[in-house]
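Chemist: Using the hints provided, position chain W relative to the given structure of chain D.
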Amino acid sequence: MKVDDVVTEARLRIESLSVWGTRGQILRGIRLDVHRGEILAVIGPAGAGKTTFLRCLNRMTDLDPGLLVTGDIFIDGHPTLTPEVDAVLLRRKVGMVFSVPVPLPMTIRQNLAFGLSLTGNGRAAERIESALKAAFLWDEVKDRLHEPARNLSGGQQQRLCLARTLVMEPDVLLLDEPCSGLDPISTRKIEEALQELKRDLAVILVTNNVKQAARASDRTAFLLFGELVEVAPTDELFTNPRETRTRDYIEGRFG
Amino acid sequence: MTHRARWAATSFTSLTALACLIIVAVVAIILGNIAIHGVDRLGLDFLTRSPEHGVTQGGIFPAIFGTVALVILMTIAVIPLGVATAVYMHEYAAKDSPLVWLVRLAIQNLAGVPAIVFGLFGVGFFIQFVGHGIDNILYGGELHYGKPAILWASLTMALLTLPTVVVATEEALRAVPQSYREVAYSLGATRWQMIRKVVLPQAVSGILTGGILAVSRGAGEVAPILFTGAAYLLPHLPTRLSDQFMELGYHVYVLATQSPDVEATKPILYSTVLVLLVLTFALNFTAVMIRSRIRRRLREGR
Numbered sequence: 001m002k003v004d005d006v007v008t009e010a011r012l013r014i015e016s017l018s019v020w021g022t023r024g025q026i027l028r029g030i031r032l033d034v035h036r037g038e039i040l041a042v043i044g045p046a047g048a049g050k051t052t053f054l055r056c057l058n059r060m061t062d063l064d065p066g067l068l069v070t071g072d073i074f075i076d077g078h079p080t081l082t083p084e085v086d087a088v089l090l091r092r093k094v095g096m097v098f099s100v101p102v103p104l105p106m107t108i109r110q111n112l113a114f115g116l117s118l119t120g121n122g123r124a125a126e127r128i129e130s131a132l133k134a135a136f137l138w139d140e141v142k143d144r145l146h147e148p149a150r151n152l153s154g155g156q157q158q159r160l161c162l163a164r165t166l167v168m169e170p171d172v173l174l175l176d177e178p179c180s181g182l183d184p185i186s187t188r189k190i191e192e193a194l195q196e197l198k199r200d201l202a203v204i205l206v207t208n209n210v211k212q213a214a215r216a217s218d219r220t221a222f223l224l225f226g227e228l229v230e231v232a233p234t235d236e237l238f239t240n241p242r243e244t245r246t247r248d249y250i251e252g253r254f255g
Numbered sequence: 001m002t003h004r005a006r007w008a009a010t011s012f013t014s015l016t017a018l019a020c021l022i023i024v025a026v027v028a029i030i031l032g033n034i035a036i037h038g039v040d041r042l043g044l045d046f047l048t049r050s051p052e053h054g055v056t057q058g059g060i061f062p063a064i065f066g067t068v069a070l071v072i073l074m075t076i077a078v079i080p081l082g083v084a085t086a087v088y089m090h091e092y093a094a095k096d097s098p099l100v101w102l103v104r105l106a107i108q109n110l111a112g113v114p115a116i117v118f119g120l121f122g123v124g125f126f127i128q129f130v131g132h133g134i135d136n137i138l139y140g141g142e143l144h145y146g147k148p149a150i151l152w153a154s155l156t157m158a159l160l161t162l163p164t165v166v167v168a169t170e171e172a173l174r175a176v177p178q179s180y181r182e183v184a185y186s187l188g189a190t191r192w193q194m195i196r197k198v199v200l201p202q203a204v205s206g207i208l209t210g211g212i213l214a215v216s217r218g219a220g221e222v223a224p225i226l227f228t229g230a231a232y233l234l235p236h237l238p239t240r241l242s243d244q245f246m247e248l249g250y251h252v253y254v255l256a257t258q259s260p261d262v263e264a265t266k267p268i269l270y271s272t273v274l275v276l277l278v279l280t281f282a283l284n285f286t287a288v289m290i291r292s293r294i295r296r297r298l299r300e301g302r
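As you go down the protein sequences, you meet chains D and W in turn. Take the first sequence: its letters are residues 1 to 255, numbered as in this note's numbering. Take the second sequence: its letters are residues 1 to 302, numbered as in this note's numbering.
Chain D with its partners taken away, still in its complex shape:
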């Protein structure tokens, strides 16, 4: 990671974030900074709390009454977990891409305009075009924006979902295993798009695929049983992890 690229104040600061669910504690005192201009990969076995961690950041956790979230999260220094903050407004600035592409049952253009239709924001055509270009999808769909979004292939659908989030011009981008169901070429395209996007954003990429973390991220965080075991620049974490648990996980995966 080139440290001088990074803005000094963290775009995203997470302090002693803990989450309890109905079956016990899911996250244990996570402390982490994420900066504009970097991609942070979050790896860990299934059930480590990766998705819950991500959902705290745009307060999708609010939707599950069985969850108790404590701690603090700041975006550009502003707290986001306090009840006075409107989660709806927060989500417009913290975009999220899910593991399964979910195009809404509308045309491609309507999918992209959906977020804007909630706010009544102008310059729709312009913002849609630039979002599609940023998601490397523009050339494939520019002549078929009126077609149903579900006509697109799986990889295209996931890039559509990425673009749909980008239309909102978010400050933070959350990706929950975005390539888990995609072929290598589609995966490649999304990873390339993220490399371009990170200039203006803080990107958090949750992934089950350790290789993807190794090739697509600047820093990597290893989560195990709700605990943040280690976070380090990706090269360092993969070549020389501080913790044996990290090494075991990585090597177990590389098999």
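These are calculated hints, taken from the structure and not from any lab test. Please read these numbers as outputs of a predicted model, since none were measured by experiment. Check before you lean on any hint, since a few could be wrong.
[Said to hold, decoys possible] Here are the in silico distance ranges between beta carbons for each label pair:
1) W:Ser179 to D:Glu196: 20 to 30 Å
2) D:Asn209 to W:Val288: 41 to 51 Å
3) W:Arg296 to D:Gly122: 28 to 38 Å
4) W:Ser179 to D:Gly122: 22 to 32 Å
5) W:Ser179 to D:Glu126: 20 to 30 Å
6) W:Val288 to D:Asp200: 49 to 59 Å
7) D:Asp200 to W:Ser179: 19 to 29 Å
Glycine residues also receive a C-beta, built at the ideal position from the N, C-alpha and C atoms.
Modeler: Just chain W now, kept in the frame of chain D:
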């Protein structure tokens, strides 16, 4: 396969086929009988004129008009109420909310109440309580709404069909994938925006299905309107909500049992039943057409 097993299989197949045939035959006999006897009198005159000479001659236009008006008013009342109830239960209330439990219990019981009880309820609640209340407050006790009227009949019918609409709407809401809701939220939709822009458009065809069932039930029921607004014979069409009205189902009952000359009325009776059936089918058919068009539009993602 042994001979015995083969024989069992064949006979079971024939039995199931026979069961189907019986159903088709019964429907064919009913429809055929009514069509053969009813088609003679059917004509523009019959459809556009009022009954004459008691009810032994003339047409049934007022009854057709009244039925359509009743069904429309009922739909206007039942769809918003039913949809709002279902949306609250499925989208707003917590899953273990005692209120939802109570509402669901009430709706299940409502669905089991005999139609005639709705009719009596309509008299007691709508006419005696609401109607007289309106008369006392707005008209100084002068009789306007405290009597059988198409408004009260429609509202009574709406109560009868409410469970159908609620259940159908809830089913339609359940069929909308949870992931759509998550996506809408993640893009910064409020709950209402999520419901209005994603959930309801997806549920429209299901809601219409409920509407169809409600309409076909409403067009066929007589008991709820017996005391709340249907009239034996009226010289005028209803023009105000407080007017009484004629209705096809009730008119069939009148023709069959209350006519001064039952034999002379018989051809009219058959034709009236035929019209009632055709009207119900036509209403259903229209609704099914709308539904399939919406489905197609949804499929195309427009």
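Chemist: Confirm or reject each hint.
Modeler: Status of the hints after comparison with the structure:
1. Between Ser179 of chain W and Glu196 of chain D the C-beta distance comes to about 27 Å, which sits within the given range of 20 to 30 Å.
2. About 48 Å separates the C-beta atoms of Asn209 of chain D and Val288 of chain W, a value consistent with the hinted range of 41 to 51 Å.
3. For Arg296 of chain W and Gly122 of chain D, the Cβ-Cβ distance of about 33 Å falls inside the hinted range of 28 to 38 Å, so the restraint holds.
4. Under the hint 22 to 32 Å, the C-beta atoms of Ser179 of chain W and Gly122 of chain D, about 29 Å apart, fit the expected range.
5. A hinted range of 20 to 30 Å for the beta carbons of Ser179 of chain W and Glu126 of chain D is consistent with their spacing of about 29 Å.
6. Checked against the given bound of 49 to 59 Å, the beta carbons of Val288 of chain W and Asp200 of chain D, roughly 51 Å apart, stay inside it.
7. For the hinted restraint 19 to 29 Å between Asp200 of chain D and Ser179 of chain W, the CB-CB distance of approximately 28 Å keeps it satisfied.
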